[in-house]
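Starting from the known structure of chain U, fit chain E onto it as the hints suggest.
Residues per chain, in single letters:
2 protein chains.
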Amino acid sequence: MVPRYPLFMIAAMELGGTKTVVAIGKSDGTLEEEYRFPTTRPEETFRTAIEWFSSKGTPTAIGIAAFGPVQINPKAANWGDILPTPKPHWTGFSITKPLLEAFPGVEITLETDVNAACLAEARIGAAAGLENVVYITIGTGIGAGVLCDGRLLHGALHPEFGHVLLPRKDGDDFKGTCPFHNDCLEGMASGPAIEQRWGTPGGQLPPDHPAWDTEAWYLAHGIQALLAIAPPERVVIGGGVSQVEGLHKKTEELVRKLAAGYFPAVENSPYVVAPKFDQEAGIKGALMLTGIT
Amino acid sequence: MVPRYPLFMIAAMELGGTKTVVAIGKSDGTLEEEYRFPTTRPEETFRTAIEWFSSKGTPTAIGIAAFGPVQINPKAANWGDILPTPKPHWTGFSITKPLLEAFPGVEITLETDVNAACLAEARIGAAAGLENVVYITIGTGIGAGVLCDGRLLHGALHPEFGHVLLPRKDGDDFKGTCPFHNDCLEGMASGPAIEQRWGTPGGQLPPDHPAWDTEAWYLAHGIQALLAIAPPERVVIGGGVSQVEGLHKKTEELVRKLAAGYFPAVENSPYVVAPKFDQEAGIKGALMLTGIT
Numbered sequence: 008m009v010p011r012y013p014l015f016m017i018a019a020m021e022l023g024g025t026k027t028v029v030a031i032g033k034s035d036g037t038l039e040e041e042y043r044f045p046t047t048r049p050e051e052t053f054r055t056a057i058e059w060f061s062s063k064g065t066p067t068a069i070g071i072a073a074f075g076p077v078q079i080n081p082k083a084a085n086w087g088d089i090l091p092t093p094k095p096h097w098t099g100f101s102i103t104k105p106l107l108e109a110f111p112g113v114e115i116t117l118e119t120d121v122n123a124a125c126l127a128e129a130r131i132g133a134a135a136g137l138e139n140v141v142y143i144t145i146g147t148g149i150g151a152g153v154l155c156d157g158r159l160l161h162g163a164l165h166p167e168f169g170h171v172l173l174p175r176k177d178g179d180d181f182k183g184t185c186p187f188h189n190d191c192l193e194g195m196a197s198g199p200a201i202e203q204r205w206g207t208p209g210g211q212l213p214p215d216h217p218a219w220d221t222e223a224w225y226l227a228h229g230i231q232a233l234l235a236i237a238p239p240e241r242v243v244i245g246g247g248v249s250q251v252e253g254l255h256k257k258t259e260e261l262v263r264k265l266a267a268g269y270f271p272a273v274e275n276s277p278y279v280v281a282p283k284f285d286q287e288a289g290i291k292g293a294l295m296l297t298g299i300t
Numbered sequence: 008m009v010p011r012y013p014l015f016m017i018a019a020m021e022l023g024g025t026k027t028v029v030a031i032g033k034s035d036g037t038l039e040e041e042y043r044f045p046t047t048r049p050e051e052t053f054r055t056a057i058e059w060f061s062s063k064g065t066p067t068a069i070g071i072a073a074f075g076p077v078q079i080n081p082k083a084a085n086w087g088d089i090l091p092t093p094k095p096h097w098t099g100f101s102i103t104k105p106l107l108e109a110f111p112g113v114e115i116t117l118e119t120d121v122n123a124a125c126l127a128e129a130r131i132g133a134a135a136g137l138e139n140v141v142y143i144t145i146g147t148g149i150g151a152g153v154l155c156d157g158r159l160l161h162g163a164l165h166p167e168f169g170h171v172l173l174p175r176k177d178g179d180d181f182k183g184t185c186p187f188h189n190d191c192l193e194g195m196a197s198g199p200a201i202e203q204r205w206g207t208p209g210g211q212l213p214p215d216h217p218a219w220d221t222e223a224w225y226l227a228h229g230i231q232a233l234l235a236i237a238p239p240e241r242v243v244i245g246g247g248v249s250q251v252e253g254l255h256k257k258t259e260e261l262v263r264k265l266a267a268g269y270f271p272a273v274e275n276s277p278y279v280v281a282p283k284f285d286q287e288a289g290i291k292g293a294l295m296l297t298g299i300t
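Protein chains in written order, with the numbering used here: chain U, 8 to 300; chain E, 8 to 300.
Isolated chain U, as found in the complex (with noise of 0.2 Å):
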């Protein structure tokens, strides 16, 4: 077989909780091609993962975008280790050493996979061009990826913010579905909360349904707090969930309200929209993440 890529094949993978993709394609985000399959247990999704690679070549750089925990900090003895995690057989897995082994000398850049969604959507997506974007995805959970400062955003680990604790809506009693924090941003607001909440799917709750003022208002205080830590200059909602009509727009004039006149970064409108990529976001970032130092 003749390598179709030489000399340099830049390839990417985003582990996904459910799902993995796969690809090869340029630093800019180009896809060239990719390949999907269901994440099943670490071994036998990477073994695919790697079979698939070097069906292409030699890839000489790798970008991963991984759910998390996972440690992304290459200073740390256990770079690239899943943290401990509910998901079964995933704990303490090392994504990079499988990668490492089979393609010696290949330089992996790690990042979770909300930021490397973030920084698709704050180069080339929703938020082109933008040094301070937030990229927001509401699904079965809730993360968020942070570009600060032209930066992604790390600290000590990770940014949490499904896990941020926010006021009560008035006369809201639910008791939220997080079994860490119960009412976080992610247990009143992430898909599972929603169905709990109003016993129907959010799918198939209409856009005029008050679900939406419920899901709008913990998002925009989420977003609220970003402004106070983070501050973004635009804030990009993707996920399963926010696929309803005029979500993005009433969580846009309530953190406006929220805001008072006091974060100028809100004025920008429009503020709060949907991704460019959304399915893609991931792997185009993780692609791009063999271009940033």
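Derived from the structure by calculation, the hints contain no laboratory data. Careful: at least some of the hints might be erroneous.
Because identical chains cannot be distinguished in the list, a pair is counted as satisfied if it fits within a single copy or across any two copies.
Here are the simulated DSS-like pairs of lysine-lysine, each with C-alpha atoms no more than 25 Å apart in a straight line [said to hold, decoys possible]:
| hint | residue 1 | residue 2 |
| --- | --- | --- |
| 1 | K94 | K264 |
| 2 | K176 | K264 |
| 3 | K104 | K256 |
Note that this is a predicted model, so its numbers are computed, not measured.
Then chain E, alone, in the frame of chain U:
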């Protein structure tokens, strides 16, 4: 007059709401001489500062730690301007121009006062050696400087941590004192909020007064939001209000409880600490600004 620092004179200025500090020293934070005077009208304040600097020589670099809101982004056309503020006479005043006119070619590094204090505490103070540090000050207002991944965080403008909206403590019906947001952190936990809530200034309330449980509640929730967004390895709390015995420990315990095992950084002990420098963190940090790029 023979200038004492003929070749490289490192200067610093801490521009506070009520007092200004000017100093000469080293970019490692060493203070050699300092002079404190009341902040009055902008022109007068800067005349005093410039006269004092001139009496020492010609500064080659000046680090400025300024109250906000202030445009600290060197790429912005209005870099150095004080932005709309209730403080009379200061809105729109440039704090960099008078210094550049007095000392042509001087290299100015401008930061928020809290970011400068954070830098000093993170490099040579109570969080020395850590790359992810938050410095919170509680006095007339509440502000925070954030060092994340070894860099001072800005984002769109700069963090306004005091204005984060947090869950209310059970049974707490205090309206809050913030003219913009009522019950944001500053509105619930600043010096004036404590005095208005309990009818007594914080300095006169004993350490076992319930006021401090309330204070710790809001501080701990503010720190929980930081953990979810720009996770610190350690939090330094300074300012007049923080000086009551036991507040740091009480806050730390509550943060750990709120984290519920989810944020590994919080297991570090001590996690919430008093500053090493307190009154001098800002001016030391301003000196250190001359050493960062």
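Which numbered hints turn out to be false for this structure? 3
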